[in-house]
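Taking the hints into account, I'd like the entire structure generated from these sequences.
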Amino acid sequence: MQWETVIGLEVHVQLATRSKIFSGASTAFGAEPNTQACAVDLGLPGVLPVLNEAAVAMAVQFGLAIHAEIPEVSVFDRKNYFYPDLPKGYQTSQMYHPIVGPGVVEISLDDGSTKRIGVHHAHLEEDAGKSLHEDFHGMTGVDLNRAGTPLLEIVSDPDLRSAKEAAAYLKAIHSIVTYLGISDGNMAEGSMRCDVNVSVRPKGQEAFGTRAEIKNVNSFRFVERAIEFEVERQIELLEDGGEVVQETRLFDPERGETRSMRTKEQANDYRYFPCPDLLPVVLDQAYVDHLRGNLPELPAEKRERFQSELGLSAYDASVLSATREMADYFEAVKDVCGDAKQAANWVQGELSGALNREGLAINDSPVSARQLGELVARVMDDTINGKAAKQVFQALWHGEGESADAVIEAKGLKQVTDTAAIEAMIDQVIADSPAQVAQYRDAPVEKRGKMIGYFVGQVMKASRGTANPQQVNALLKEKLDALC
Amino acid sequence: MHDKTLRELADALGAGEFSSRELTQYLLGRIDRLDGDLNSFITVTFEQALAAADAADAARARGEAGPLTGLPLALKDIFCTQGVKTSAGSRMLDNFVSPYDATVVEKLAAAGTVSLGKTNMDEFAMGSSNENSHYGPVNNPWDLAAVPGGSSGGSAAAVAAGLVPAAMGTDTGGSIRQPAAFCGITGLKPTYGRVSRYGIIAYASSLDQAGPMARTAEDCALLLNAIAGHDLRDSTSVARGVPDYTAELDAPLSGLKIGLPKEYFGEGLDPAVADTVREAVRVYESLGASVHEVSLPHTHYAIPAYYVIAPAEASSNLSRYDGVRFGHRCDAPADLIDLYKRSRAEGFGEEVKRRILIGTHTLSEGFFDAYYKKAQQVRRLIRQDFLDAFEEVDVLMGPASPTPAFDLGAKKDPVSMYLQDIYTIAINLAGIPGISVPAGFVGGRPVGLQVLGTHFAEERLLNVAHRFQQATDWHLRRPAFAEENA
Numbered sequence: 001m002q003w004e005t006v007i008g009l010e011v012h013v014q015l016a017t018r019s020k021i022f023s024g025a026s027t028a029f030g031a032e033p034n035t036q037a038c039a040v041d042l043g044l045p046g047v048l049p050v051l052n053e054a055a056v057a058m059a060v061q062f063g064l065a066i067h068a069e070i071p072e073v074s075v076f077d078r079k080n081y082f083y084p085d086l087p088k089g090y091q092t093s094q095m096y097h098p099i100v101g102p103g104v105v106e107i108s109l110d111d112g113s114t115k116r117i118g119v120h121h122a123h124l125e126e127d128a129g130k131s132l133h134e135d136f137h138g139m140t141g142v143d144l145n146r147a148g149t150p151l152l153e154i155v156s157d158p159d160l161r162s163a164k165e166a167a168a169y170l171k172a173i174h175s176i177v178t179y180l181g182i183s184d185g186n187m188a189e190g191s192m193r194c195d196v197n198v199s200v201r202p203k204g205q206e207a208f209g210t211r212a213e214i215k216n217v218n219s220f221r222f223v224e225r226a227i228e229f230e231v232e233r234q235i236e237l238l239e240d241g242g243e244v245v246q247e248t249r250l251f252d253p254e255r256g257e258t259r260s261m262r263t264k265e266q267a268n269d270y271r272y273f274p275c276p277d278l279l280p281v282v283l284d285q286a287y288v289d290h291l292r293g294n295l296p297e298l299p300a301e302k303r304e305r306f307q308s309e310l311g312l313s314a315y316d317a318s319v320l321s322a323t324r325e326m327a328d329y330f331e332a333v334k335d336v337c338g339d340a341k342q343a344a345n346w347v348q349g350e351l352s353g354a355l356n357r358e359g360l361a362i363n364d365s366p367v368s369a370r371q372l373g374e375l376v377a378r379v380m381d382d383t384i385n386g387k388a389a390k391q392v393f394q395a396l397w398h399g400e401g402e403s404a405d406a407v408i409e410a411k412g413l414k415q416v417t418d419t420a421a422i423e424a425m426i427d428q429v430i431a432d433s434p435a436q437v438a439q440y441r442d443a444p445v446e447k448r449g450k451m452i453g454y455f456v457g458q459v460m461k462a463s464r465g466t467a468n469p470q471q472v473n474a475l476l477k478e479k480l481d482a483l484c
Numbered sequence: 001m002h003d004k005t006l007r008e009l010a011d012a013l014g015a016g017e018f019s020s021r022e023l024t025q026y027l028l029g030r031i032d033r034l035d036g037d038l039n040s041f042i043t044v045t046f047e048q049a050l051a052a053a054d055a056a057d058a059a060r061a062r063g064e065a066g067p068l069t070g071l072p073l074a075l076k077d078i079f080c081t082q083g084v085k086t087s088a089g090s091r092m093l094d095n096f097v098s099p100y101d102a103t104v105v106e107k108l109a110a111a112g113t114v115s116l117g118k119t120n121m122d123e124f125a126m127g128s129s130n131e132n133s134h135y136g137p138v139n140n141p142w143d144l145a146a147v148p149g150g151s152s153g154g155s156a157a158a159v160a161a162g163l164v165p166a167a168m169g170t171d172t173g174g175s176i177r178q179p180a181a182f183c184g185i186t187g188l189k190p191t192y193g194r195v196s197r198y199g200i201i202a203y204a205s206s207l208d209q210a211g212p213m214a215r216t217a218e219d220c221a222l223l224l225n226a227i228a229g230h231d232l233r234d235s236t237s238v239a240r241g242v243p244d245y246t247a248e249l250d251a252p253l254s255g256l257k258i259g260l261p262k263e264y265f266g267e268g269l270d271p272a273v274a275d276t277v278r279e280a281v282r283v284y285e286s287l288g289a290s291v292h293e294v295s296l297p298h299t300h301y302a303i304p305a306y307y308v309i310a311p312a313e314a315s316s317n318l319s320r321y322d323g324v325r326f327g328h329r330c331d332a333p334a335d336l337i338d339l340y341k342r343s344r345a346e347g348f349g350e351e352v353k354r355r356i357l358i359g360t361h362t363l364s365e366g367f368f369d370a371y372y373k374k375a376q377q378v379r380r381l382i383r384q385d386f387l388d389a390f391e392e393v394d395v396l397m398g399p400a401s402p403t404p405a406f407d408l409g410a411k412k413d414p415v416s417m418y419l420q421d422i423y424t425i426a427i428n429l430a431g432i433p434g435i436s437v438p439a440g441f442v443g444g445r446p447v448g449l450q451v452l453g454t455h456f457a458e459e460r461l462l463n464v465a466h467r468f469q470q471a472t473d474w475h476l477r478r479p480a481f482a483e484e485n486a
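Chains as they are written, first to last, in the working numbering: chain X, 1 to 484; chain U, 1 to 486.
Honestly, the hints are just simulated from the structure, not real lab data. From the three backbone atoms N, C-alpha and C, an ideal C-beta is built for every residue, glycine too. Among the hints, a few may not be true.
[Said to hold, decoys possible] Heads up, simulated DMTMM-like pairs for lysine to aspartate or glutamate below, C-alpha to C-alpha not over 20 Å straight-line:
1. U:Lys341 with X:Asp269
2. X:Lys264 with U:Asp335
3. X:Lys130 with U:Asp335
4. X:Lys411 with X:Asp381
5. X:Lys171 with X:Glu106
6. X:Lys79 with U:Asp369
7. U:Lys373 with X:Asp269
8. X:Lys479 with X:Asp442
9. U:Lys341 with X:Asp442
[Unchecked claim] Derived list of chain X stretches under chain U, where covered just means 3 residues or more per stretch with a C-beta under 8 Å from a C-beta of chain U:
10. 79-85
11. 125-131
12. 275-288
13. 352-365
Rendered as structure tokens:
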């Protein structure tokens, strides 16, 4: 039987506010346990929450970025359950009236096409603390630094049909929140976490199959792997005549498999009710319009502009607009060198290669956009050839010079275009290579083209890479053919 | 010194008749001598009180005395007080020393008042007799066999017995007004949002409100001046200017329209209490007020609605007492669930557990709409009843409680205890202010007249109560217990 996969994602995005959603404590990552938890975060008797306006603004910005409805009124509810890292015995969240209504996220697929994925809603909530099970000799430690960190939970419609689409959707969300600057999007530090709802159904069937929810899948790669495993598990189960149970499962990245955590019967009754300590959030139109007016250019718009205005391919436009840092870097290189295609080639080629080798983010690149732009400009105005350009790039990468021009000057890499000088070098090479010249002369005419490579290499070597390769080629051919 | 009002004590301090230290020492001595019979205090803060009195005397010497500087008072043990045990009357918090001050505590300290300690109360403010305290019941100074009312029973008894001139209480369904009535003092529950709830241990967040308990309406006005106002730490506190609540105390009452809700004079009301209230209303008529019968048709839904909403909020508010970070923790828990179960089973008393169970049930899947949502709809109707009535009249009057103080141990059945709050509970659901004023005695036990106003009508209520106290002397009567031990 042919099966169709149906996936919905719940993405928890940690908002980049300075203080927590309901208290003034800092949200910075990595402090000593429990040093960033104030009386409110600790849930001491008598404390009250006060909503952080910055979190509201960020949630609304996200809503505007996905063209969502922004309801005038949203309400915080309490989700009641006991857990040691949940200090109040409830999580303050938004169950019935979320801050962001239905919207749309556009994802790009490998074939260059795009697909629109519905966002059901997005709501604000507070994060819990962390339970630490190591280092406490059979006991559990509780760190409440993270308790009260603002989260935006973005709930998709069940519109995703493959692991690849799910990963693309997650990337699109990542790209939107980092473009907006409302999250650092750091998945390793837990700034983006994902719960995945997966079900399968016979192709053509309208009704959804029974779904499993996979909790806490925390990287793009894991999302794909968890879904692939889960889809296979469910199909196998069904084809063997079994049934999928509605349950919560956990992804084990080490084994690459999902395991049952609890079934529907064991599910909590969270007893949601409106939080009486917080007033409903009422957004007036002027406030929303102000945020709308100040939205930055978003990835989809940027991708479109890179194609239509800069003439980049769909692929290049997509890669270069994937993150705001990448796009900003690329545009800076382009502005300095004046050529979008050259800039795109260098950023995706030499620069990305070097960054990947060293595991660096583009913001940590040792070569600045200005330096790279100037380097590209020198290639374009024939000051250096491509080979020398790579040397200049390496020198800049290792901090051996302030600018491309300085490196070119210091290393004497300025391209030699003086015909007489090149001819002199060619003559010397020919004189030093009697055996190769003899072979060349004896070879059939159609094979000579390949053999010329040896001589070009020698001349370039003699020029320490500075000779203009086109000129070398042309002059060499002329001189060698004259000997035949 | 023990039977003077705050205003009189302030004048005496100002005239140099005695110092705040002398006054404080005198009252601490009375507490030491008399409170064994009352049990109105859970914690007496001798050292902090004397230090605060000295600071107040020094401020006065520098010419920096305000209207409350150096005046002693007590705080219900529900106000978090830095460095002082704050128990909420519960075994659960017997070991809890608050690391911070409630906003009310902070404001009273800034006004120069001197807190003598923390008063007894029904556990987590759940009760109408103060019999639900982990620290034992409180005796009513008018008759030691009687309850002082609750939940602010310790505050009411301490004021009535002349241990302090005033005390702070909280009122979720009548917890200031009913004990004030039972103990023959004046108690004001302000409009919801008038006083910050920050640092007040929560019972039912949408109903809790702090207010003053004192001998006179004038003293309540002085205290409300100090504690009212918007607080950035409490989103439900209202950003609205605070008038001088003493400014209109003497305004004449001619033309005042008084409404008597017919539902407040029906079945269940002690006829002698009804007569006392009618007598008080006649005093108002003699002061130029007119009397009108009004109806609050949804009155009989108030108790059922309250006992859905308040326990629902309480069941969630009390979830933080889990034995993990503070409060009672059971010995040698076998595992996490055992820790939760035993810590809470041991730490909470019977009535608290009952309300947690009720609240948990009413919020549960499948019951939420039938209970919680319905109760919220009823709440809106009750509120509308009051708003409609205040279209017709300026204030409403009635009894604060259907009977005078009952005997300790007299009400065994929780529902009969809940019915105690029939005249007070709707006021919290509506969020309006109410004040209880001494209006007479039945069987030697005080009776309170309750005066209600629309939202933020505290100035008017205090004026109406003050004029009554200018015309009567019920508020000047002192229990023999206080006088014999003068």
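Tested hints:
no. : hint                   : in the structure
1   : U:Lys341 with X:Asp269 : 18 Å, holds
2   : X:Lys264 with U:Asp335 : 24 Å, violated
3   : X:Lys130 with U:Asp335 : 18 Å, holds
4   : X:Lys411 with X:Asp381 : 18 Å, holds
5   : X:Lys171 with X:Glu106 : 11 Å, holds
6   : X:Lys79 with U:Asp369  : 16 Å, holds
7   : U:Lys373 with X:Asp269 : 17 Å, holds
8   : X:Lys479 with X:Asp442 : 15 Å, holds
9   : U:Lys341 with X:Asp442 : 97 Å, violated
10  : 79-85                  : holds (count 3)
11  : 125-131                : violated (count 0)
12  : 275-288                : holds (count 4)
13  : 352-365                : violated (count 0)
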